[in-house]
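Colleague: Taken in sequence, the protein lines are chains A, B and C.
First residue of the first sequence? That's -6 in this note's numbering, and the numbers climb one at a time after it.
First residue of the second sequence? That's 2 in this note's numbering, and the numbers climb one at a time after it.
First residue of the third sequence? That's 1132 in this note's numbering, and the numbers climb one at a time after it.
Estimated spans, in silico, between C-beta atoms of each pair: (1) B/K274 <-> A/L179: 48 to 58 Å; (2) A/L29 <-> C/T1194: 53 to 63 Å; (3) C/G1274 <-> A/K199: 54 to 64 Å; (4) B/G270 <-> A/L229: 46 to 56 Å; (5) A/V109 <-> C/T1194: 42 to 52 Å; (6) A/V233 <-> B/S5: 24 to 34 Å.
Straight-line distance between alpha carbons at most 30 Å, and here's what the computed DSS-like set of lysine-lysine pairs gives: (7) C/K1151 <-> A/K75; (8) C/K1290 <-> A/K79; (9) C/K1270 <-> A/K75; (10) C/K1270 <-> A/K79; (11) A/K79 <-> C/K1151.
Derived from the structure by calculation, the hints contain no laboratory data.
Every value quoted in this text rests on a predicted model; they were computed, and no experiment measured them.
No residue lacks a Cβ here, since even glycine has one placed at the ideal position from N, Cα and C.
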Amino acid sequence: MNSGGMNARIGYIAFNTFREAVRDRVLYNLIAFALLLSGAAILVGEVSIDIERLVVVNLGLTAVSLFGVIIAILIGIGLVSKEIEKRTLYTVLSRPVRRWEFVVGKFFGLTGTLVVNTFFMAVGVFLALLYVAHKFEKMDAWVLVALYFIVLQFLIVCALALFFSSFSTPLMSAVFTFALFVIGSLAEDLRGFAIITQGVAGLLAKAIAYLVPNLSALNMINQVAHGDAIPSRLILYNTVYALLYSAMAISGAVLIFQRRNLK
Amino acid sequence: MSMSVTRRVNLVATAVLACSMTGAMATLYAIDHRRRTTVAQEALYLRSSKVLRRLSLGYTGLLADIYWTRAVQYFGQQHHAGSSDFRLLAPLLEVTTELDPRLFPAYEFGANFLAPKPPNGAGLPGSALALMRYGIEHNPGQWRLYYNLGFLYYIELKDYAHAADAFAQGAQLPVTNQFMPVLAAQMAQHAGEFETARMLWRTTYESTKDTQIQENAVEHLLALRVDEDVTQLEQVVKKYREQTGRVPLSMGDLERAGFIHGTPADPKGRPYKLMSDGRIEVQDSEGLYFITKGLPPGATPPRPPQVKPSAK
Amino acid sequence: MAAIEILDLEKSYLVGFWRKRPKVALRPLRLTIEEGEVFGFLGPNGAGKTTTLKLLMGLVFPTAGTARILGRDMDDPQVKSQVGFLPEQPYFYDHLTARELLNYYGQLSGVPAKGRSARVEQMLARVGLSDSAGVQLRKFSKGMLQRVGLAQAILHDPKLVFLDEPMSGLDPMGRREVRDLIQQLRHEGKTVFFSTHILSDAEALCDRVGVIHQGELRGVGAVAELTSETQGRVEIVFFAEKVPAGLANLGAETRVSGDMVNAVLPEQQQDAALDLLRRERIQLISLTPVRRSLEEYYIQKLRPAEERQEDERREENRKGASV
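Can you build the whole structure from these sequences, using the hints too?
Modeller: As structure tokens, this is what we get:
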């Protein structure tokens, strides 16, 4: 078997995806915007007394999260759906590359891009934090955990972007992914509604509520803004969840892409 | 040979899909369990409704609905867990009504569950009153809110005068309910009587769609029945003593003397006990949660029922 | 060994919004390409040429039938390391340079790391892109993209090369270069399968051609045979100022230009015509059998079914008669 070749090819595809993403100017605009927001957070904090740190963490991390999702969607869609539409894929698939290797490679490349992104944007947040607080406190370490959770969110969003790209046009893929991001951010309330509903509608609601990505639990921004600790059990569970959910979306993407007739 | 390559990939992918889906849902269930209490607290990190308004980008209605759902679930969960801590209820309801002053179920919920002492409620009659007044200020034509206010004054604060006022005001609205004038009149003439309270609870029961409120009303009606029964029976004992000069020894005595027919029993079907000092007691206070009479001296009513979180 | 064996490969799509009706893109195709030959797949736009190529490359899945490429099943991914593909109007990654793209494709094709960059430079030189090797592909013109496409098709030294409209978008100079390239590939012993609707290229390059129209393979033949076939007519050119009487009776089509006459007539009448000319003491310039051109074969194959059947019957008769 050609398992060495398989891993190598996935690696090449991932690296190339990363390279394409990094050279796309859209990326830089968005990062710049996010950094701008971190700077703005400092100003907002100055207006209200005693909550500068709160505002910097809240606004900064929200910016990282939101912009990251936008980047994930734009670049994710651009890198896959567009690639299929523009027939760039013809010459790639005419090589000894399996379709599933392509999907998995794209996923790694995409998430790699986002991790690097997050790193740069996080630096901005920490610099702003340093500016307003003049020193780092122990509770600032939890901000790192919140960032880790944001990266887990990105994993899920990337996997979903790839999933939709495997069968849908670029525009629709972006719309679906963003819609699921919004719904997923309200997932806990959705489950609350679903538990109350009775009968067949209730079963349906419960099924949907559990299938939707649970992004609300990954949003620890408020908690770390107030300096609360995050229980380690929760960190573990959320990691497992994000990995499992991403695996689900990616395997779905693979299955669909396997039988897709390319226009 | 190569057909099986495609098939093999499909097989692996399907297996991964199935396993990860079930795994993800299972993990989610576990996460939910741990997060239950934190959700409500997180909801109140942003207590300023002005900030919330801006953040909601105009979708204040939706946000109000979300907060309302959280308020109901929070109360139900605490109640279910037998907790006495309801401190987040008032802020949750306040934020809800600030975001959407016309979310009427929130006022009703507040009227029923903000004022009573824990573990039946949050024990904040002042907050409850403030909430009702806020609602009336923003919705002056809504008879329901006057009902809630009057109810609050009567049941929790025992302020019969203000209760009568509230019902009278509600009765005079252009759009009102048929029992408002009835209740106003009842309030004015028969404040403090069992019948009045019974009317109120029955009205509450019939006019609400919220199952928690309904169950609460039923419990109160049962308790009223018991209180009334015990009062009447104790009156009977008194008359017997006056007539015969003796203390009755059993229910049978009272029956033979013609004061009662049959064996009086509580709404659960358990016969009342006649104590040696002439008091009447319930046989078993299990299931009778709001009774104020018929209990041994120094005893308190049992804990409220374990209600499952529900809404609507 | 046959390079390509197409066994009843078939493709139809379901079209329509509510009631899906099948639209046939390719009727069951049966075709064998030998190793080392240059095969031209001719047909107008929408005939099914690209569909066939996409089926063979695994980009689209057949409704029925299968194919064997270089002795292996067409689904076998290992086959792809021996195959190169240039799609029609190729499009690549905007932000990569030509060099980076070829290097990436080399990685995917399993070209060993050791000689890879040297090979990439070699390919760039071969398609004439050495100067633009470091330019990002989004700045490339259509012709330059076509060259990159060719380079990536032959980068890994495949045994079999598929080209879909390789001349499209190229100026005459570029087309000349591609023709030379295909000739070189042939000298290297590679099999080339290319589709085109430019007949002169096919005539110049191909060993065999196949004509496809409306999803159906209408005919296959060796170029040499098809163009050497005489149509049973001869062309006689002679000095005269007007057409001699009697020539028309022989069924000749004539054309007068200056002091020369050009007459085309059935070859059975050849001797009679020559006799006539000798009697009139007319000076003969040339006598040549009329060859059928590829264009005629092509157009003939594009005609609807009934007319083609008539053509075939007439051919049979003519062949039978001249024996």
